[in-house]
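S.K.: Here are the chains, one letter per residue:
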Amino acid sequence: MLGKTAGGIYWMFRFLERSENTARLIEAGFRIALTRSKDPASEWKSVLTTAGVLGQYDMKYDSYTGAHALDFLLRDTDNPSSVLSSIENARTNARMVRTALTTEVWEAVNESWMALKAALKSPVTETKLPAVLAEIRRQTALVRGAVHGTMLRNDIFDFTQIGIALERADNTARIIDVKYYTLLPSASYVGSALDNVQWETILRSVSAHRSFRWLNNDDISPATIADFLIFDSRFPRSLSFCSRLLEDNLGYLAKDYKFRMPCHDMIDAQRERLRNLDISSVFDEGLHHFITSFIRENNALGLQIEQDYRFVG
Amino acid sequence: MTSDRQYFDEMLSGADKVREPYSDYEKWFIQEDVLRLSKKAKEAEAFFRRTGITFNVYGQAAAQERLIPFDLIPRIIANREWAKLSKGIEQRVRGINAFLYDIYHRQEILRAGIVPVELIAQNEAFLPQMIGVSPPGGIYTHIVGTDIVRTGEDDFFVLEDNARTPSGVSYMLENRETMLQMFPELFSQIKVQPVSDYPKNLRRSLAACAPPNCQGKPCVAVLTPGIHNSAYFEHSFLADQMGVELVEGHDLQVVDGRIAMRTTEGFKVIDVLYRRVDDEYLDPLNFNPSSMLGVPGIMDVYRAGNITIANAPGTGIADDKAIYSYMPDIIEFYTGEKAILKNVETYRCSDPDSLKYVLDNLADLVVKEVHGSGGYGMLVGPAASKKELATFAAKLRKSPSNYIAQPTLSLSTVPIFTKKGLAPRHVDLRPFALVSPNSMDITPGGLTRVALKAGSLVVNSSQGGGTKDTWVLED
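Going down the list, the protein sequences come from chains U and S. Under numbering that gives the first Met the number 0, the first residue of the first sequence carries the number 0, and numbering increases by one thereafter. Under numbering that gives the first Met the number 0, the first residue of the second sequence carries the number 0, and numbering increases by one thereafter.
Careful: at least some of the hints might be erroneous.
[Said to hold, decoys possible] With a Cα cut of at most 27 angstroms, we get these calculated DSS-like pairs of lysine-lysine:
| no. | chain 1 | residue 1 | chain 2 | residue 2 |
| --- | --- | --- | --- | --- |
| 1 | S | K452 | S | K16 |
| 2 | S | K341 | S | K39 |
| 3 | U | K116 | S | K16 |
| 4 | U | K254 | S | K216 |
| 5 | U | K257 | S | K216 |
| 6 | S | K26 | S | K341 |
| 7 | S | K267 | S | K83 |
| 8 | S | K16 | S | K26 |
| 9 | S | K38 | S | K26 |
| 10 | U | K116 | S | K41 |
| 11 | S | K39 | U | K116 |
| 12 | U | K59 | U | K254 |
| 13 | U | K257 | S | K267 |
| 14 | S | K16 | U | K120 |
| 15 | S | K26 | U | K254 |
| 16 | S | K341 | S | K41 |
| 17 | S | K341 | S | K38 |
| 18 | S | K267 | S | K39 |
| 19 | S | K39 | S | K419 |
| 20 | S | K385 | S | K41 |
Keep in mind the hints are simulated off the structure, nothing from the lab. The structure displayed is predicted, hence computed values, not measured ones.
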């Protein structure tokens, strides 16, 4: 397949994943700001930070209000990571690589784009927000369903998974990065209601507040949450899960093409590191240090993949 | 437009008289519920939008992607009518290929004084870079769209030749798919010749034109200027349907004297490139140096016989509207036969007597730019205001050789579906021919374009025209 096509597929699925992640962050932020927080402004600021768009937001607005943050995250085309920009980018990439997609996938992404453009045409009020967020989730799920149900399991599919895995790992890591202080063991000594709220926010941002309880018997502590987000390979948004998804799909490419690339050494090293660590050694190393180096390596891996598979000339 | 003018309607030849090719369709139609059909028309539009069958209009930022309106009444052609048309097209396309070969080699036709030398020598569409170059199989135009209009029962005229890069074939295919989905029962009652083999035939035809240096199974690819091009949908559609890669200039480079595409597994050699990028942008080293759409050095690879470019560079000369006026002589010169399809009478404004005639009768004529296409820059005299006529006359006087003029043809009409029932609208027809060294394949029918505005004679999609499914009946 063309290097450009591989790149288009990869970015299409990164952007789709991003639109869904942004919606999830908004959902968690909105809920906390609404129900628990005495300081909604700092809640929205932290959502904007996690989405990686605080700098752009600050250039536009002076204060952190729900209305501004919502608009910026959902529909501002000046924000390259807003839901609207993401779906627009996903669809543009899909159009570019249309010959590599099944009709069902193309139609699903084209319909998502039409539906979300309509849903985000005017500012989204608080009343309408739940319905809009549900629509975003539904549309991205339709694309994902079409991918799993109709695409050949070949190199094209591998690149869809690689895009998803990298974007998702980055998202989960950034959620941890922004809230790391609430996950430090020292935080449990405080044991205040505030921390519980923060923990809930974290779990909601990855849509795992229910599954976490099922898996951990309601043993909610910084260590169990961090362990869950980083190491639990059953949880599809954990760093470990994403890392394995990358290892698998890069592995299929190597097998298919019959050659290994530098990115394979990088993912092997990442897998090795995660296997040799557990949550207490992460805390010994320093959670913040661990997370920032993970983000850095994850980005480097993405760039290496782009180069190894000739996304650009 | 004068309203008392009589036009040939292809469906209804009198108040209640249905022409023969339409008789079965009409029987079906009168039993149909208008409301059901209205609903079907809406369904078709939603279908086109969902599947992304759109085109981009240049200079319209807000409405970047538009649909070409689709009308659900088919345009129907009898098999015997088609037999004559396809024979005429085949002859014309053979003539054009022979003309192109000659014009870039010995130029016999100029020596014989059939076509004036200055028409070639001073023509931008004539590429000196192609002189002496023999494309693989001797074919210059592999994919041809011949625009045909009808004015009466047996009166067909070629309006223009599109030997360079004819577009619209994806609409021909999608229109049929849409009709099959909407009215399956029609196709079991009426036997219509299929068009769906086109992509398969295109791939086979292109592969048959592979350069002599090609080893093994020829690798075919489609070259597009990119997603912002007005015909991008068609480029991706054809690549997809043929099962070949859709490439852009920056995916390609010269590797060991061949053109290769950058893939995830390294560089892969391309043997036949169906390019939808204009000559001028094809190779920044040989043509427009600022082009970002082309492949530096591709012309050198081409001249060395290491790639087939379809259609060949320099074929645009055959589309020139001044050359068009010589086409019947050109065909006779190379085929030894009289042209089967007639030309529309054409006044070359470069000729002083013709220019005078054109200026005196501007309100009755259609005037076109010699190099123009897409309905841009043309004047439809009978539809123009006094002011428009005056402005155009000034342009004509300034550079007469830039223009040709033709009488306003009484284009045939075919009804379209409206809420108030059937309404006649003017149509044209673009059949598509595929040329390979040993065969020519003409898809039965082609693309029917229809002017949706009552009385309008301009059918171009960029000017508000729509399309219809085109049926050639089985015998």
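S.K.: Need the list of violated hint numbers for this structure, in ascending order.
M.R.: 2, 3, 6, 7, 12, 14, 15, 16, 17, 18, 20
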